[in-house]
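A.B. asks: One letter stands for each residue in the lines below.
There are 2 protein chains.
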Amino acid sequence: MATLSKNPYRGTRDFFPQDMRLRNHIFNKMSEVSEVYSYEPYDGPLLEEVALYLAKSGEELINEQIYSFMDRGERNVAIRPEMTPTVARMVAQIHREVPKPIRWYSIPNLMRYEKPQKGRLREFWQYNADIFGAGIHGEVEIIQLCVSILQGFGANNSHFAIHLNDRRIVDLIFKDLIKLDNEATHKLYKLVDRKNKMDPAKFSAEVMTITQDEAKAHLFEQYANLTSVEALKEFVSSQTEVNHDFFKFYENLKTIGLSEYLVYDPSVVRGLDYYTGIVFEIFDKHPDNRRAIAGGGAYANLLQIFNEQPLEGVGVGLGEVPLTEFLKAHNLLPDVAKAHIHFLVSYMDEETEPFATKLAYDLRSKGKKTELLFGTNKPKKVFSYSDKKDTESVIIIGKDEMEKNSFKVKNLKTKEETIYSYNDFISSL
Amino acid sequence: MATLSKNPYRGTRDFFPQDMRLRNHIFNKMSEVSEVYSYEPYDGPLLEEVALYLAKSGEELINEQIYSFMDRGERNVAIRPEMTPTVARMVAQIHREVPKPIRWYSIPNLMRYEKPQKGRLREFWQYNADIFGAGIHGEVEIIQLCVSILQGFGANNSHFAIHLNDRRIVDLIFKDLIKLDNEATHKLYKLVDRKNKMDPAKFSAEVMTITQDEAKAHLFEQYANLTSVEALKEFVSSQTEVNHDFFKFYENLKTIGLSEYLVYDPSVVRGLDYYTGIVFEIFDKHPDNRRAIAGGGAYANLLQIFNEQPLEGVGVGLGEVPLTEFLKAHNLLPDVAKAHIHFLVSYMDEETEPFATKLAYDLRSKGKKTELLFGTNKPKKVFSYSDKKDTESVIIIGKDEMEKNSFKVKNLKTKEETIYSYNDFISSL
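Protein chains in written order, with our numbering: chain A, 9 to 437; chain B, 9 to 437.
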């Protein structure tokens, strides 16, 4: 028999306890902040029929990145590569009966057939939050929610910035002002998305190739070089009369004190067809890690693929892999290398084992993380073992303790030792 | 275009918020109790190579129940149908370096290609806890942990019982006393496992068919009708000299006060080959739901498939589907139909919106679950909306409130109304 590999499948991870404590820290914070924003938790199946993804995302994602296969009943199914189609399917079932707005969040595991690299894996988790049926209020709230989650980890505007744009404005400029056809518009979308990674001369050359017109190319470059909402407003109003929701949205964010996080970024257009309103990406400001850690936007009709009445929404996706890189880069992760325990309980003799076992049980009943050290151990061994965990206090039970129904608690942080009667100590917890 | 189905894939579930709150309640309790027992969290990949499952479970599970497929790199992979092979793979990587015992728990989603029925689905979650390198102490602790988890949900010995047996004793009886070959032993395992669901006459007939010997059949039936550890001890010692660890294990459980939960059950043998010591199943006592909700046991060598030094362990698996049925049957689930919010904040005029938005933000910063009701609303509408959630208090902001920088908090449970100054209220939280 060939030796089995001990490694996880390519692009996936083993979460050993120290990794899992970090993951729990991150997921707990996401959930906690979502709950204080009154977002409700949901989840869907790991597998969906491929038809659902084809309807929403088109062939490209399906063909290149999806884990799909035929089940034994000849259904073409896929491991979920994203959560939005599932949300749409679920909301389509209940949207008529529930009060609006609907606020939902989830932290599903997703799989994509990617070439594994830094910040990109085949199996990953993604925080998703959406608000349906709330218009501009929802746009503001989703941005606020993102800021609160990142602040929850201790991050502030020295660590991240929110790059904003609006698909209605992009369309206004590309289609109404520059008057490009759909194909050229699509190419410009892709080009502007890559702008910040490109040489300026090459960028200009490609703009010319796509627009085939100097005036159009000039107008496009003017747009692409805008750096503030104020400049955008001036640019747009110099060309057309506009009283756009995006400017109101931006004013609202400023009013509630978020302006220090905001950047207008004409290169943020988001690839997916279904965004129709504001779009945004949250960027890490760390010089070694300048990448988007989250993205989202507003869409006019979540339920289009189900032929239902239009339901507008605003959503955000925040990947756990880039978020972890972000938190690491800024030293915002707690030290969870060792397991935390409140009490290490040990016993010196076989006769005192039941007494120590009962003590451990009673401490646990009070919610205290308690490890019972098995076997008879001398104090020296107990204290040496206690170092392997993040141990708060040690209790050693001998015959004397058992007879007197009391014991000494040694606090390892303060080095204090205190003798307690059994019942007093338990009832004090 | 054909209309897309709104239903989840067969045998999987959509978790709407009320379902998800229940799932979170269950998973949080499992985690909380595991942590107070000083078990550490872990997780592994969703996909493993099929070779891993073949090595551990053999052909049967693989051929009939597994979701497997070829990835684009020609690797034969499967969605995890159980967690033990992953645990073994992970422990094999680190067991030489970490202090023993190792205590781990996980709540993975698993998939099996089952015919969906009550208590059995294709996608389900399973709580797994294992302790490695702790001998008989580990056996006792795993049982204690199971009891504490179920007690954590409010269950007691009127709701469930732990059915115990020991593979060493079963082997002693089947192989040494009854002297059956491996094939007949295997058939008796399968038969005794079904005993409680069979007609006694049919059972006896099958015993005779397998043993082909009246004396052997009699001995086997004597064993199969044992109902207590005391009777087992008498039966075994009447046949052979024995001073078995199982009896010590049972005494230890009695000493720590668990005897009211324990039942000796000769039909509990557990199918999987890798159990070598104690085995147990936890049964629901509800007359309409008499089924196993958890099972586990001790095994001599977790790492066998990796050709590593033997590492003994004790483990338990507790499925979320049968557990939920159990908790429902005994009315032990909380009412989480409505989302709980501490504060519903609303505003009466457009000018007061920023004030209300800031108030909601400040309440959230204090960890209070706060919903901001969008749009200008009259009090009547606000209170009618508040009924749709499990709302604790309502705050309505008008111009008067904004000018005075104070507001009235209406507690919906006590019907009390109290006026607070903004800053006093926030700092009191």
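Check the hints yourself; a few may be wrong.
If several chains are the same, the list does not tell them apart, and a pair holds so long as it fits within one copy or across any two.
Unchecked claim - Straight-line alpha carbon distances no greater than 30 angstroms define the calculated DSSO-like cross-link-like pairs of lysine-lysine that follow:
(1) Lys-241 / Lys-418
(2) Lys-376 / Lys-224
(3) Lys-376 / Lys-108
(4) Lys-346 / Lys-37
(5) Lys-336 / Lys-418
(6) Lys-262 / Lys-366
(7) Lys-423 / Lys-108
(8) Lys-187 / Lys-376
(9) Lys-203 / Lys-389
(10) Lys-366 / Lys-256
(11) Lys-388 / Lys-418
The set of hints was computed from the structure by calculation and includes no laboratory data.
A.B. asks: Could you place Lys-346 and Lys-37 in one of the four classes (within, between, both, neither) given a Cα distance threshold of 30 angstroms?
C.D. replies: For Lys-346 and Lys-37, the Cα distance is within 30 angstroms both inside one copy (20 angstroms) and across copies (22 angstroms).
A.B. asks: When no copy is specified for Lys-336 and Lys-418, does a C-alpha distance of 30 angstroms or less occur within a copy, between copies, both, or neither?
C.D. replies: This pair counts as neither: shortest intra-copy Cα distance 34 angstroms, inter-copy 43 angstroms.
A.B. asks: Given a CA cutoff of 30 angstroms, do Lys-423 and Lys-108 count as a within-copy pair, a between-copy pair, both, or neither?
C.D. replies: between (56 angstroms within a copy, 26 angstroms between copies)
A.B. asks: Between Lys-262 and Lys-366, at a C-alpha cutoff of 30 angstroms, which is it: within one copy, between copies, both, or neither?
C.D. replies: The answer is between: 12 angstroms across copies meets 30 angstroms, while 58 angstroms in one copy does not.
A.B. asks: Using 30 angstroms as the alpha carbon limit, work out where Lys-376 and Lys-224 are close: within a copy, between copies, both or neither.
C.D. replies: neither (69 angstroms within a copy, 52 angstroms between copies)
A.B. asks: Are the CA atoms of Lys-376 and Lys-108 at most 30 angstroms apart within a copy, between copies, both, or neither?
C.D. replies: This pair counts as between: shortest inter-copy Cα distance 21 angstroms, intra-copy 42 angstroms.
A.B. asks: At most 30 angstroms between C-alpha atoms: does Lys-241 with Lys-418 qualify within a copy, between copies, both, or neither?
C.D. replies: neither (66 angstroms within a copy, 43 angstroms between copies)
A.B. asks: Taking 30 angstroms as the upper bound on the Cα-Cα distance, should Lys-187 and Lys-376 be classified as within, between, both, or neither?
C.D. replies: neither (68 angstroms within a copy, 50 angstroms between copies)
A.B. asks: Check Lys-203 against Lys-389 for me: Cα-Cα at most 30 angstroms, and say if that holds within a copy, between copies, both or neither.
C.D. replies: For Lys-203 and Lys-389, neither the intra-copy (62 angstroms) nor the inter-copy (49 angstroms) Cα distance is at most 30 angstroms.
A.B. asks: Check Lys-366 against Lys-256 for me: Cα-Cα at most 30 angstroms, and say if that holds within a copy, between copies, both or neither.
C.D. replies: between (64 angstroms within a copy, 17 angstroms between copies)
A.B. asks: Is it within a copy, between copies, both, or neither that the alpha carbon of Lys-388 lies no farther than 30 angstroms from that of Lys-418?
C.D. replies: within (13 angstroms within a copy, 59 angstroms between copies)
In this structure, the earlier hints numbered 1, 2, 5, 8 and 9 are contradicted, and the remaining ones agree with it.
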